[in-house]
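Using the sequences plus the hints, can you model the full thing?
2 protein chains.
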Amino acid sequence: MSMAVNTIPGFYFTPTDEDLITFYLKPKAMRQPLPWDGILEKNLYGDNATPWVILTENDWEISRQTARAYEDSVSKDEMYVFTKLKKIGTVRFGRVAGSGKWNDNQPFKYIKNRQGEIIGIKKIFTFKVKGEKGHEKMDHMEKGHWIMHQYTLAGVSLVQEVKDSDYAICRIIRDLSKCRTNVAESSEGQSRLDIDLNN
Amino acid sequence: MSMAVNTIPGFYFTPTDEDLITFYLKPKAMRQPLPWDGILEKNLYGDNATPWVILTENDWEISRQTARAYEDSVSKDEMYVFTKLKKIGTVRFGRVAGSGKWNDNQPFKYIKNRQGEIIGIKKIFTFKVKGEKGHEKMDHMEKGHWIMHQYTLAGVSLVQEVKDSDYAICRIIRDLSKCRTNVAESSEGQSRLDIDLNN
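If you read the sequences in order, they're chains A and B. Going by the UniProt record's numbering, the residue at position 54 of the first sequence is 54; the numbering climbs one at a time, nothing skipped. Going by the UniProt record's numbering, the residue at position 144 of the second sequence is 144; the numbering climbs one at a time, nothing skipped.
Simulated from the structure, these hints should not be mistaken for lab results. Owing to the predicted nature of the structure, the values given are computational and were not obtained by experimental measurement. One thing to keep in mind: the hints can contain errors.
Copies of one chain are not kept apart here, so a pair can be met inside one copy or by any two copies together.
Pairs of lysine to any residue residues, derived as SDA-like cross-links and limited to a Cα-Cα distance of at most 20 Å, are as follows [claimed, not checked]:
1. K26 to E161
2. K76 to T14
3. K101 to A49
4. K109 to V96
5. K26 to P9
6. K122 to E71
7. K26 to T7
8. K122 to A69
9. K109 to V74
10. K76 to N113
11. K109 to T7
12. K163 to R114
13. K130 to Y110
14. K87 to H149
Okay, here's the thing in structure tokens:
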């Protein structure tokens, strides 16, 4: 299915926040069929869920077939993943993911539909490696910078027959430009070529 | 063809600069078939080419079927258009468009392919209505703010059999939020709802 889409140049999977909730997360939580089968399902949390272990190069390769390239960096990639949140007690969620933790460091945002009703919540996380400061930084630099935009259901999305409300859909962004072993950053030089052209 | 694409939610025509040059502008200039027929052809320049006259509400409606909505404003739309540049002499182009003029007010940018070769040039224009200052501003406010990203062939794109090198492909952005008659800006309030959520 993803192949058929990708045959038209310039078309990419660039869903809006509302698309992710309405067309993907909600049917997933309601155990209904999805309009496209290109979103992977992965356990992003737990003792073995270090992101660069569970998301393989093959996963990135598949995702690249429908994802729009980041124009500011050739070393940046994004991938969409369904995951189940791990509840700790009744209100908190476990954020441990293998060798580190997904830290939320920004305020969340309500996602609304066109009628202005709240349909979901978007939160942004950054992956931090466990351990002492020096080690943490080194490990980080080797695997790049990892960011996650997490979408969960809220508001009117929850009044219907939602069977798995702990599902989240995540946009995972891997930035290898902040990785010591990667030296490719060819697009960065481009903007420096900008000079004035008198028509 | 555009209809078939639009049946998969989350997929939009969000071409990169390179896509526009390689898959659309270059074949157009070489009189080769295009991979998708959804890009309109319009005369954006000349005495009758006021943008809100030549781009009809029906054109915007068609374009909305494949365009990704701007998440920062419900009053903003974009459309892709092929046009022919009007040469004045050998180096300059005419920028008059009906009741006004497309003004370029920013430095241009070279577009490169993955091999680092220059394949095109991107320039940004703003539409300015002719006439005295006060009138200009008023007219502007009534029709919204119009921006154009213009892509033309350059560098290695011109070494092949280009028959119509005066073709440009343009992304036209119409922002009606700066229009007095339009009061809908519902998405603007959304970001103010952001508050901290302790997981």
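Hint-by-hint comparison with the structure:
1. For a Cα distance limit of 20 Å, the shortest separation of K26 from E161 inside one copy, 10 Å, qualifies, whereas the shortest one across copies, 50 Å, does not.
2. For a Cα distance limit of 20 Å, the shortest separation of K76 from T14 qualifies both inside one copy, at 15 Å, and across copies, at 17 Å.
3. Within a single copy, K101 and A49 get their C-alpha atoms as close as 9 Å, which meets the 20 Å cut-off; across copies the closest is 56 Å, which misses it.
4. Proximity of K109 and V96 under a CA criterion of 20 Å is satisfied in neither setting, with 22 Å inside one chain copy and 44 Å between copies.
5. Taking the closest pair of Cα atoms, K26 and P9 come within 20 Å of each other only across two copies (13 Å); inside a single copy the shortest separation is 29 Å, beyond that limit.
6. Within a single copy, K122 and E71 get their C-alpha atoms only as close as 24 Å, which misses the 20 Å cut-off; across copies the closest is 14 Å, which meets it.
7. When the C-alpha separation of K26 and T7 is checked against a cutoff of 20 Å, the pair qualifies only between copies, where the shortest distance is 18 Å, while the shortest distance within a copy is 28 Å.
8. Proximity of K122 and A69 under a CA criterion of 20 Å is satisfied inter-copy only: 18 Å between copies versus 22 Å inside one chain copy.
9. Taking the closest pair of Cα atoms, K109 and V74 come within 20 Å of each other only across two copies (17 Å); inside a single copy the shortest separation is 28 Å, beyond that limit.
10. When the C-alpha separation of K76 and N113 is checked against a cutoff of 20 Å, the pair qualifies only between copies, where the shortest distance is 17 Å, while the shortest distance within a copy is 29 Å.
11. Proximity of K109 to T7 under the C-alpha cut-off of 20 Å is found in neither arrangement, the shortest distances being 34 Å within a copy and 28 Å between copies.
12. In this assembly of identical chains, the alpha carbons of K163 and R114 never lie at most 20 Å apart, being 25 Å within a copy and 45 Å across copies at closest.
13. Neither within a single protomer nor between protomers do K130 and Y110 lie at most 20 Å apart by alpha-carbon distance, with minima of 30 Å and 43 Å respectively.
14. In this assembly of identical chains, K87 and H149 lie within 20 Å of each other by CA distance solely inside one copy; the values are 18 Å within and 47 Å between copies.
The structure fails hints 4, 11, 12 and 13 (numbered hints given earlier, in ascending order).
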